[in-house]
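Protein chains: 2
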Amino acid sequence: MNTSEFRRRGKEMVDYVADYMEGIEGRQVYPDVEPGYLRPLIPDSAPQEPDTFEDIINDIEKIIMPGAASPACTELETVMMDWLGKMLELPKAFLTENAGEGGGVIQGSASEATLVALLAARTKAIHRLQAASPELTQAAIMEKLVAYSSDQAHSSVERAGLIGGVKLKAIPSDGNFAMRASALQEALERDRAAGLIPFFVVATLGTTTCCSFDNLLEVGPICNKEDMWLHVDAAYAGSAFICPEFRHLLNGVEFADSFNFNPHKWLLVNFDCSAMWVKKRSDLTGAFRLDPTYLKHSHQDSGLITDYRHWQIPLGRRFRSLKMWFVFRMYGVKGLQAYIRKHVQLSHEFESLVLQDPRFEICAEVTLGLVCFRLKGSNKVNEALLQRINSAKKIHLVPCHLRDKFVLRFAICSRTVESAHVQRAWEHIKELAADVLRAERE
Amino acid sequence: MNTSEFRRRGKEMVDYVADYMEGIEGRQVYPDVEPGYLRPLIPDSAPQEPDTFEDIINDIEKIIMPGAASPACTELETVMMDWLGKMLELPKAFLTENAGEGGGVIQGSASEATLVALLAARTKAIHRLQAASPELTQAAIMEKLVAYSSDQAHSSVERAGLIGGVKLKAIPSDGNFAMRASALQEALERDRAAGLIPFFVVATLGTTTCCSFDNLLEVGPICNKEDMWLHVDAAYAGSAFICPEFRHLLNGVEFADSFNFNPHKWLLVNFDCSAMWVKKRSDLTGAFRLDPTYLKHSHQDSGLITDYRHWQIPLGRRFRSLKMWFVFRMYGVKGLQAYIRKHVQLSHEFESLVLQDPRFEICAEVTLGLVCFRLKGSNKVNEALLQRINSAKKIHLVPCHLRDKFVLRFAICSRTVESAHVQRAWEHIKELAADVLRAERE
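Line by line, the protein sequences give chains G and R. For the first sequence, this note's numbering assigns the number 1 to the initial residue and increments by one for each residue that follows. For the second sequence, this note's numbering assigns the number 1 to the initial residue and increments by one for each residue that follows.
If you are wondering where the hints come from, they were derived from the structure by calculation, not from laboratory data. There's no promise every hint is true.
It does not matter which identical chain is used: a pair holds within one copy or between any two.
For lysine to any residue, the following SDA-like pairs were computed, each having C-alpha atoms within a straight-line distance of at most 20 Å [what the hints assert, rightly or not]:
(1) Lys393 x Pro66
(2) Lys144 x Arg192
(3) Lys323 x Asp59
(4) Lys430 x Phe326
(5) Lys380 x Ala434
(6) Lys342 x Phe406
(7) Lys393 x Phe326
(8) Lys376 x Phe288
(9) Lys167 x Ala433
(10) Lys62 x Ala183
(11) Lys405 x Met21
(12) Lys342 x Pro43
(13) Lys124 x Arg359
(14) Lys167 x Thr137
(15) Lys323 x Ile56
(16) Lys280 x Glu427
(17) Lys225 x Asp435
(18) Lys393 x Leu217
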């Protein structure tokens with residue numbers, strides 16, 4: 001949508017809200033619909049081509065308003081998570097349709113998704129161990145539980161371990177910054193020998209530092225064999241899996257118990273919207289379920305409805321699936337794929353500019369929209385370059401450490417980015433690099 | 001703001017956003033401001049009388065846009081939490097201004113605030129006990145930690161205990177559904193004798209069931225004396241404390257380590273916005289702090305800035321203080337007080353209607369906007385009445401259990417509610433009650 005259509009549609013929406021407020025006394029306080037009313041009213045997958053804004057807004061009046069905030073909020077979320085799961089070709093076990101045991105939920109952030117998965121895994125492990133040895137206390141078990149992630153995993157994984165009160169160990173990644181079977185296996189053997197109980201593994205697809213990918217096809221079978229919950233965190237990279245040419249990066253997700261990525265990062269859905277799927281809904285609800293009278297309802301035990309409050313940390317929920325519905329329909333799957341492809345193409349364009357300049361080096365494989373690069377030379381000179389770049393305030397870069405190297409990260413992430421921006425950024429970086437190198441020689 | 005002004009202002013905002021998008025290439029990617037730039041630009045407390053929308057929008061351009069999303073998002077939040085704290089006459093120890101050790105943060109929900117407080121208390125207790133007895137493991141301590149709340153506390157408190165992996169015990173409330181010193185003291189003595197370690201108490205001001213108030217003036221000193229973290233949850237009732245005539249309900253908050261209420265419940269700020277204050281910021285950051293390279297910044301250790309990511313479960317944050325700023329200025333403190341007072345007056349109006357009808361009884365003291373009532377008689381007849389009310393869909397009531405009684409809850413909570421609505425609701429309830437009683441006799 002260009003800004004001139006945005007002006008028109010935005011103002012129509014303002015009137016829609018005002019009309020609603022003016023007519024609110026004529027509306028029923030509680031909807032007439034029955035559980036499950038929504039799914040039959042909308043297609044079972046996202047459109048390939050864009051819908052018009054007109055069509056979407058008509059559906060709001062026809063499909064959402066009769067279901068009010070509840071149950072429309074819950075039911076649209078369930079269906080949108082199925083739409084998105086199908087866009088990624090997630091295994092059917094993660095979807096809700098066809099009355100499976102899995103399903104999706106919108107969390108606020110990948111940190112919360114990781115924590116929720118860890119807590120569910122913790123509860124499951126405690127129940128399993130207490131079933132076998134009823135004399136074991138929860139604390140005695142928690143003392144021995146140990147979780148794993150790669151040494152490249154996001155800090156939120158370590159934080160989930162802190163909050164959950166369990167050990168978290170970092171598995172040394174390989175030369176491509178990926179967690180591999182051998183290193184994980186080694187840790188498992190060492191820890192089991194020490195009397196610990198491995199119960200949870202976080203594999204990252206697209207690490208924050210350099211967009212590296214843990215080897216799911218190696219790690220997944222180990223988790224299944226050793227009865228450890230496998231959570232796959234693809235917070236950034238996940239959006240790319242809607243393109244067939246990138247879908248292979250998700251191979252092995254069939255071994256996972258839970259999977260998460262953030263459409264708010266790279267799929268044009270505004271913050272916050274973190275999409276999480278589990279293979280067994282009962283694993284989540286078993287960890288959190290409490291039902292006081294003021295939260296009971298007549299469909300409580302019918303199995304017909306989803307109580308998302310048992311799937312998350314907060315109790316209250318916003319109607320976040322609406323923005324997914326709008327975005328998926330306004331762009332269509334093809335439009336979203338084109339958006340991802342353009343970003344990946346621009347990052348390769350930047351990569352080739354870097355490679356053409358012998359003063360610079362690329363520090364990690366460029367797979368999606370992130371380019372890790374640096375001046376050949378000391379960390380000091382690269383820190384000086386970053387300082388100049390960020391002080392000039394024409395572009396903004398966030399650095400990382402890869403092993404002992406200080407590395408600059410060029411991330412393609414704006415909705416309106418074009419080749420011209422990339423070219424201009426590179427010219428700017430080259431100029432500042434020349435200044436830094438000159439200052440160093442002096 | 002009436003709907004006709006909403007139409008005009010809403011459309012101006014749409015144009016503001018579109019203009020921003022069209023002019024974005026002319027803007028700097030990173031702001032020029034220094035840490036602490038914002039506080040001197042705005043008043044140090046909320047206005048008593050309403051500001052005009054014009055004034056507010058001019059301040060957006062003048063004060064917020066130069067600070068972009070960061071640091072404006074953080075700095076406005078810190079100042080708004082001080083504004084709100086002063087509206088409640090919170091002890092100065094909870095405020096950020098004057099370089100104190102306390103401060104406020106916006107959480108998503110009271111559930112998250114309770115969990116964050118419990119986790120901070122848990123970390124503090126573990127550190128304290130390990131300092132005294134370095135041989136104690138974390139798990140050995142957690143096994144003995146015990147938290148308390150009243151038997152009327154919200155289910156999210158029990159949930160926080162589950163997530164945090166510690167015992168939570170319910171203290172029997174008194175005849176007014178309040179937690180008192182004697183019952184708490186009894187539990188403490190029993191549990192200490194059994195080798196447990198009391199570390200955390202949640203006192204509720206305005207319970208979900210019947211808006212009862214735990215006795216803070218009794219419970220607070222015990223918590224301080226026994227070195228237990230006191231968290232005060234006033235999720236619903238907290239908004240009322242901006243009125244001097246209700247402020248006494250908050251007396252005793254000076255004994256608390258953390259305090260929370262939800263402006264999204266009753267202070268006209270849209271969901272979500274849960275306001276939480278702590279007396280010592282370092283208690284929160286000590287529980288959660290992790291600093292990977294990609295999250296470091298140049299003001300990291302300056303003490304000048306607030307890193308809210310250490311105060312909460314998620315990492316990412318929305319700019320929720322903007323809606324507080326708009327609401328506080330659009331209404332002014334007097335406008336917000338008038339809004340609270342009107343709701344309380346309407347609930348007393350409903351209460352007196354109930355009292356005039358000998359078939360009904362009031363089940364708990366009416367202090368704020370909630371009236372707990374029922375037909376004198378069996379739970380069955382009240383369940384039948386609720387069923388008729390909610391099936392008719394003219395009003396909607398959520399019930400509760402008070403001890404063994406099934407009770408209906410009439411809550412004044414709409415922004416546009418008037419006396420006529422209350423009168424009409426009561427007529428409707430009386431009619432349905434007559435039907436239920438007739439059906440029972442037949």
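The hints, checked one at a time:
no.	hint	verdict
1	Lys393 x Pro66	between (49 Å within a copy, 13 Å between copies)
2	Lys144 x Arg192	within (10 Å within a copy, 26 Å between copies)
3	Lys323 x Asp59	within (14 Å within a copy, 29 Å between copies)
4	Lys430 x Phe326	neither (41 Å within a copy, 44 Å between copies)
5	Lys380 x Ala434	within (15 Å within a copy, 83 Å between copies)
6	Lys342 x Phe406	neither (28 Å within a copy, 60 Å between copies)
7	Lys393 x Phe326	neither (34 Å within a copy, 30 Å between copies)
8	Lys376 x Phe288	neither (51 Å within a copy, 36 Å between copies)
9	Lys167 x Ala433	neither (43 Å within a copy, 58 Å between copies)
10	Lys62 x Ala183	neither (55 Å within a copy, 54 Å between copies)
11	Lys405 x Met21	neither (58 Å within a copy, 37 Å between copies)
12	Lys342 x Pro43	neither (28 Å within a copy, 46 Å between copies)
13	Lys124 x Arg359	neither (53 Å within a copy, 50 Å between copies)
14	Lys167 x Thr137	both (17 Å within a copy, 12 Å between copies)
15	Lys323 x Ile56	within (11 Å within a copy, 27 Å between copies)
16	Lys280 x Glu427	neither (51 Å within a copy, 48 Å between copies)
17	Lys225 x Asp435	neither (56 Å within a copy, 62 Å between copies)
18	Lys393 x Leu217	neither (42 Å within a copy, 53 Å between copies)
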